[in-house]
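Protein chains in written order, with the working numbering: chain A, 318 to 604; chain B, 4 to 317.
Don't take every hint at face value.
[As the list claims (entries may be wrong)] Per label pair, the in silico range of CB-to-CB distance: (1) 344(A) / 261(B): 50 to 60 Å; (2) 338(A) / 300(B): 48 to 58 Å; (3) 10(B) / 448(A): 38 to 48 Å; (4) 387(A) / 293(B): 22 to 32 Å; (5) 324(A) / 289(B): 19 to 29 Å; (6) 331(A) / 285(B): 34 to 44 Å; (7) 361(A) / 308(B): 34 to 44 Å; (8) 387(A) / 193(B): 21 to 31 Å; (9) 173(B) / 329(A): 44 to 54 Å; (10) 209(B) / 387(A): 24 to 34 Å; (11) 387(A) / 48(B): 52 to 62 Å.
Rather than coming from a laboratory, the hints here were simulated on the basis of the structure. Think of the CB as a built atom: it goes at the ideal place given N, C-alpha and C, for glycine as much as any other residue.
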Amino acid sequence: IQQLSNQCLSKDERDAYISLLERRMQHEPLQYIIGKWDFHFLTGLKIKKPMLCPRPETEELVELVLAEVGNLLRDWKEKRKMRILDVGCGTGAIGIAIANKYPAAVQVVALDVLPEAVDLSNENAEQFLSRYSAHGDSKLGVKSIYEAMLCSATHFTNNTTNTSRDLSKKKYKMNFDIVVSNPPYIPLKDMIDLSSDVVEYESYEALCGGVDGLNVIRDIVHRLPEWTFSSSLRAKHCWMEVDESHPRHLARWLSPGSVEARRCGVEYVESYTDFCGRDRFVKLRVS
Amino acid sequence: SIRIYTQFETELVGAKELFQEAGDDNEMREMARSEIKDIDAKLEELEERIKILLLPKDPNDDRNCMLEIRAGTGGSEANIFAGDLLDVYRKYMADQGWQVAMIDSSPGDDGGYKNVVLEVKGDSVYSKLKWEAGVHRVQRVPATETQGRVHTSTATVAIMPECDEVDIKIDPKDIEMSTMRSGGAGGQNVNKVETAVDLVHKPTGIRIKCTQERSQLKNKELAMKMLMAKLYDIENEKREAEERARRGDQIGTGGRSEKIRTYNWKDSRVSEHRLGQNYPLQSFLSGEIGQIIDGLIAKDQEMKLRQLSEEGAN
Chain A
318 IQQLSNQCLS KDERDAYISL LERRMQHEPL QYIIGKWDFH FLTGLKIKKP
368 MLCPRPETEE LVELVLAEVG NLLRDWKEKR KMRILDVGCG TGAIGIAIAN
418 KYPAAVQVVA LDVLPEAVDL SNENAEQFLS RYSAHGDSKL GVKSIYEAML
468 CSATHFTNNT TNTSRDLSKK KYKMNFDIVV SNPPYIPLKD MIDLSSDVVE
518 YESYEALCGG VDGLNVIRDI VHRLPEWTFS SSLRAKHCWM EVDESHPRHL
568 ARWLSPGSVE ARRCGVEYVE SYTDFCGRDR FVKLRVS
Chain B
4 SIRIYTQFET ELVGAKELFQ EAGDDNEMRE MARSEIKDID AKLEELEERI
54 KILLLPKDPN DDRNCMLEIR AGTGGSEANI FAGDLLDVYR KYMADQGWQV
104 AMIDSSPGDD GGYKNVVLEV KGDSVYSKLK WEAGVHRVQR VPATETQGRV
154 HTSTATVAIM PECDEVDIKI DPKDIEMSTM RSGGAGGQNV NKVETAVDLV
204 HKPTGIRIKC TQERSQLKNK ELAMKMLMAK LYDIENEKRE AEERARRGDQ
254 IGTGGRSEKI RTYNWKDSRV SEHRLGQNYP LQSFLSGEIG QIIDGLIAKD
304 QEMKLRQLSE EGAN
């Protein structure tokens, strides 16, 4: 920086800089202007509008999942890799940050409803994970570690009677060991309080979770048993970042032993606070 | 080195034998004699080297370290001087091929820094930089001075060897961490890129601010690293002070408030007080501090050797 401060800008450089400043004056998020930002240990994660710019709280979600991955790996008896599903991947931040720590041990499948998000996630995966795929599954390349697909939570199913899925499509491989998500969770009434740099630039669908903010979360809960179905008796967990109002709703809805919990096949385990002391993360168990 | 030494010893024996056998052959005797002289000289050199290798080593020598410059008395001029020292060190580090990253800084209002922390990685970093620890004093007409008077200001340099959880255990309960997002809404609702982390170690009151990284997690890790380095440094200082007391007057790696150098602009010289020697100011300012450091290392070895032989005699 010392050397840079002593340089004089050419006219073109100055014009380019001024147009960037103007964008910022319009409250465009810094990450969109620069085109990348750091998340967890991913330096220079590409970020593009309208995908959500990763927030620092989400780094804590990654740490929570990484702790579980670490624990599971200690007793890992399966011959296959650990499979992790990231629902609503956006830039790919969460899934890639996890794969980055355990590239040889995990395989991440990521979903998003936006084609741009799927492309961006796969692009970021190529950038950060291709260095690990040189050996081993060279036929599949990065896909043996991370693959993003265009699909909604509800449509990610092999059950063809409930959805209008194309019958010629081959079945999805389920048996995920961990499901993680930072789904759109802002309740409708809070959308109006968002500052312009959020609401005018970032995707509405990535932010708003319906009236109570739980729409996508409900979709996920309903699919969890199918996603984690396997012959193993090991408990499967789902980790989510949520709105502050959600942990108590979820605790009530999916209270262990309750009618609803038994019907859904999913139980609430506990919530975790973020570094600001807010109830931010929930852990669910597929029973 | 020991191998080479024994090799030379054998050669010497061989040469001496040759000398004996040469008898009246003058040419042979001359050849043998010069060979003997040659080998003797090499043996002496090796002896010195081996003695130095046998000296007790500072356990931290091979470590990387954090370098902190803090402006002392003198207001803006002290800040500017701190910035000057930073420039010098940066040049030296680039010369040495070390990796440098700025971890934290508080710029001064008129230039320079109130405080700046660097992380330095490379070969033998601590063994060389440790000699810079202490109070540096500058005597010059400040840039901000209107009447041409000479001022004396100071800056303190602290060198903290890198350490990990093996060296220092920190109880998470002793730490209070706060971030920029502590007030108002958070999560998806807010996209502010302030990832700065502020950390207070309650038992010692040490406060660390880390603004370096764009990833908050990385800032947290860096802040913890700095805290560990500071705590380790405090322990080291305690241990060194005890050793210094035991060994008497030894060239130490600085009590933290030891005045180690004075930089005089008018006379264009740097006075290194531990060696009692002066050096040209210009070379220092261009980053050529290697000479001073080598001198300090040599003097330290000399004193240690003397101590060894004294202990051996007793």
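Against the structure, the hints come out as follows:
{"no.": "1", "hint": "344(A) / 261(B): 50 to 60 Å", "verdict": "holds (53 Å)"}
{"no.": "2", "hint": "338(A) / 300(B): 48 to 58 Å", "verdict": "holds (50 Å)"}
{"no.": "3", "hint": "10(B) / 448(A): 38 to 48 Å", "verdict": "holds (47 Å)"}
{"no.": "4", "hint": "387(A) / 293(B): 22 to 32 Å", "verdict": "violated (45 Å)"}
{"no.": "5", "hint": "324(A) / 289(B): 19 to 29 Å", "verdict": "holds (22 Å)"}
{"no.": "6", "hint": "331(A) / 285(B): 34 to 44 Å", "verdict": "holds (36 Å)"}
{"no.": "7", "hint": "361(A) / 308(B): 34 to 44 Å", "verdict": "violated (51 Å)"}
{"no.": "8", "hint": "387(A) / 193(B): 21 to 31 Å", "verdict": "holds (30 Å)"}
{"no.": "9", "hint": "173(B) / 329(A): 44 to 54 Å", "verdict": "holds (50 Å)"}
{"no.": "10", "hint": "209(B) / 387(A): 24 to 34 Å", "verdict": "holds (30 Å)"}
{"no.": "11", "hint": "387(A) / 48(B): 52 to 62 Å", "verdict": "holds (54 Å)"}
When held up to the earlier numbered hints, the structure conflicts with 4 and 7 and fits the remainder.
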